[in-house]
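In case you want the letters, here they are:
There are 2 protein chains.
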Amino acid sequence: MEIRTGYADYNYTIHVDYGILKDCIFRYTASYNSVHFLVDQNVHALYKDGLLSFVQNPIILEGGEASKSFDAFKHITETLLERGIQRNHLVVVIGGGATGDAGGFAAATVLRGVDYIQVPTTLLAHDSSIGGKTAINSTHGKNLIGVFHRPKAVIYDLTFLETLPQHELLSGFGEVFKHALLKDEKTVKRLMDATSNGVSLDMMKPFIISGIETKMHYVTSDEKESGIRKYLNLGHTLGHAIEYKYKMPHGMAVVLGLYFMMFASNEEADRNIFDLDLFRQYFELHGYPLEQLGTIDEAEMMTLMGKDKKNQSTDATGFVLMHDFGQCYFTEIDSSQLKKYISQLKESL
Amino acid sequence: MEIRTGYADYNYTIHVDYGILKDCIFRYTASYNSVHFLVDQNVHALYKDGLLSFVQNPIILEGGEASKSFDAFKHITETLLERGIQRNHLVVVIGGGATGDAGGFAAATVLRGVDYIQVPTTLLAHDSSIGGKTAINSTHGKNLIGVFHRPKAVIYDLTFLETLPQHELLSGFGEVFKHALLKDEKTVKRLMDATSNGVSLDMMKPFIISGIETKMHYVTSDEKESGIRKYLNLGHTLGHAIEYKYKMPHGMAVVLGLYFMMFASNEEADRNIFDLDLFRQYFELHGYPLEQLGTIDEAEMMTLMGKDKKNQSTDATGFVLMHDFGQCYFTEIDSSQLKKYISQLKESL
Numbered sequence: 001m002e003i004r005t006g007y008a009d010y011n012y013t014i015h016v017d018y019g020i021l022k023d024c025i026f027r028y029t030a031s032y033n034s035v036h037f038l039v040d041q042n043v044h045a046l047y048k049d050g051l052l053s054f055v056q057n058p059i060i061l062e063g064g065e066a067s068k069s070f071d072a073f074k075h076i077t078e079t080l081l082e083r084g085i086q087r088n089h090l091v092v093v094i095g096g097g098a099t100g101d102a103g104g105f106a107a108a109t110v111l112r113g114v115d116y117i118q119v120p121t122t123l124l125a126h127d128s129s130i131g132g133k134t135a136i137n138s139t140h141g142k143n144l145i146g147v148f149h150r151p152k153a154v155i156y157d158l159t160f161l162e163t164l165p166q167h168e169l170l171s172g173f174g175e176v177f178k179h180a181l182l183k184d185e186k187t188v189k190r191l192m193d194a195t196s197n198g199v200s201l202d203m204m205k206p207f208i209i210s211g212i213e214t215k216m217h218y219v220t221s222d223e224k225e226s227g228i229r230k231y232l233n234l235g236h237t238l239g240h241a242i243e244y245k246y247k248m249p250h251g252m253a254v255v256l257g258l259y260f261m262m263f264a265s266n267e268e269a270d271r272n273i274f275d276l277d278l279f280r281q282y283f284e285l286h287g288y289p290l291e292q293l294g295t296i297d298e299a300e301m302m303t304l305m306g307k308d309k310k311n312q313s314t315d316a317t318g319f320v321l322m323h324d325f326g327q328c329y330f331t332e333i334d335s336s337q338l339k340k341y342i343s344q345l346k347e348s349l
Numbered sequence: 350m351e352i353r354t355g356y357a358d359y360n361y362t363i364h365v366d367y368g369i370l371k372d373c374i375f376r377y378t379a380s381y382n383s384v385h386f387l388v389d390q391n392v393h394a395l396y397k398d399g400l401l402s403f404v405q406n407p408i409i410l411e412g413g414e415a416s417k418s419f420d421a422f423k424h425i426t427e428t429l430l431e432r433g434i435q436r437n438h439l440v441v442v443i444g445g446g447a448t449g450d451a452g453g454f455a456a457a458t459v460l461r462g463v464d465y466i467q468v469p470t471t472l473l474a475h476d477s478s479i480g481g482k483t484a485i486n487s488t489h490g491k492n493l494i495g496v497f498h499r500p501k502a503v504i505y506d507l508t509f510l511e512t513l514p515q516h517e518l519l520s521g522f523g524e525v526f527k528h529a530l531l532k533d534e535k536t537v538k539r540l541m542d543a544t545s546n547g548v549s550l551d552m553m554k555p556f557i558i559s560g561i562e563t564k565m566h567y568v569t570s571d572e573k574e575s576g577i578r579k580y581l582n583l584g585h586t587l588g589h590a591i592e593y594k595y596k597m598p599h600g601m602a603v604v605l606g607l608y609f610m611m612f613a614s615n616e617e618a619d620r621n622i623f624d625l626d627l628f629r630q631y632f633e634l635h636g637y638p639l640e641q642l643g644t645i646d647e648a649e650m651m652t653l654m655g656k657d658k659k660n661q662s663t664d665a666t667g668f669v670l671m672h673d674f675g676q677c678y679f680t681e682i683d684s685s686q687l688k689k690y691i692s693q694l695k696e697s698l
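Protein chains in written order, with the numbering used here: chain A, 1 to 349; chain B, 350 to 698.
Just chain A, same shape as in the assembly (with noise of 0.2 Å):
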């Protein structure tokens, strides 16, 4: 399956299928006088001998936040330049949502740019490897030191997924229902049917597919996140903060995030536009901590959630939040307002 971007220009394809990697590296690589391998510890240890074997002299990362410090961001660049790093070179990502946005970061910084390739080897990095942003951490919060490097291609073997510790695939998975949420009602419908039984690998290559494609139009239709790109956010604003605050997986967090903005939404528009109970049911169902939700420091997510890129004032903080399935909008909750809209959901569960 090969999905290929819509830009103005510069286009990329994202490649999707089991057993892919490598011939389709080596059609990228023909044309580069040189490739750097930049490689997650764990998936390495995991695919040297299998899937990895062409792979040679990776760097290797440490994978997860760790590789998004200022110090990682250092050492990554430093040794691509030890190694002779050249603009006509090209660098070859593989591993998680974290993997790929340090060493895109790198690759879009070193030598003020070289082409690169993402290979996501998570279900959540099905998300985070579209869209061509790049970042490391700051003290002050996630991804809020990056740039936009489209990447010349994505190649998502779907076959590292085999691998994958059932929390990553709740992480993952946690995207996936957000860009079911994003397409229409009939998508989340047939994904919580497919899902009834619990999350498994075996179903979730038609979701993956559609989620890279609605991703795709939201992120070609406005790269630089002025406007409808906004809508990815959803459930992320209040995600974040509980990210950050309780080192849960991005994708876990995600979720609680999605559940705040259905009670939000159905308030703002006074109506039920979400059925909660089932939406918690099926949640705590498949093992996403919703009491979590009921600990909550108010103050606290709020000073959180002021640190978010996308927050254009201080006395408000800016939500994406739905008139219906596939409906979204963006509107600004302010202070007192989002304080009492956390203490009812914490009420509530």
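In case anyone wonders, no lab produced these hints; they're calculated from the structure. Small disclaimer: the values here were computed from a predicted structure and weren't measured. Incorrect hints may appear among the rest.
[To be verified] Label pairs and their computed distance ranges (CB to CB):
| hint | chain 1 | residue 1 | chain 2 | residue 2 | range |
| --- | --- | --- | --- | --- | --- |
| 1 | B | His566 | A | Gln292 | 54 to 60 Å |
| 2 | A | Pro289 | B | Glu431 | 28 to 34 Å |
| 3 | A | Ser348 | B | Ser383 | 23 to 29 Å |
Even for Gly, the Cβ is constructed at its ideal location relative to N, Cα and C.
Please build the complex by placing chain B on the supplied structure of chain A, with the hints as guidance.
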């Protein structure tokens, strides 16, 4: 005097004159929710009660290459975030070339890019502030980490130049001279006549403006440096190596690099395009340390030049040479030939 860039989009104005800073800045700041000033500490010390008295609560940068370390980058971005920078805020970078590079890179990466204005305060920065290049340094060479990020404006208040020490003026003059070479023989002659009694600020304004226009021409037709923008590197390949090795002011090193460029251009063309004796006398009269060229180590220079971003090969080094005044070409000189040229140049001094 206002010069407007000629890109397809995202154009900006370069304002050049005496005493324009405050009014000009206020014209831009009106449309932002907040402004963050990044100011070189030396410039701040000299002007905080004068030209910069309107600047409130600036973030002070160390100035010079110290601003361009990974640690300084971390400090600048973290401080901006600590102060609550948001996407609708403006960053104003006030200082020399290094401050502009470092401040520009911080503005380009914090929150994945916020708007910024360059306020160059040195003669050298008439060059570095045009073209949207931002960068920090690697242990492997200068400017090896960075991105392209166009400012919203460049405000070049020539009043700042009045306090420049003579060696700074000379360093900046190196780029002014390069821009004259890139334009035509008439401009070079006029510049040499105007400076026959030494380099001073009085006569510089028309040559600064002409230099900016020349640079804009190359930059707008080739922002990402795949073609003719390379010509702006005239004198810089060896220049950067000398600057790095001897910690010599940038424009001084560029003049030494220009002299080698003239030598190599003559050799490659097998005719005297440049009257080497004339230029050598002229450069030495003005205080450029051409004698340093007599002490450089061929092998070391070649290693350092191998780290140059524009280099596409390891067996040969890319150089910009000239067929004539105003007529550049790009060529690769292979290692043995390059070594020979450097040796011959050393002997000729």
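Do the hints match the structure? See the list:
1. B:His566 with A:Gln292: 54 to 60 Å: Between His566 (chain B) and Gln292 (chain A), where Cβ atoms are some 59 Å apart, the hint holds.
2. A:Pro289 with B:Glu431: 28 to 34 Å: 31 Å, holds
3. A:Ser348 with B:Ser383: 23 to 29 Å: 37 Å, violated
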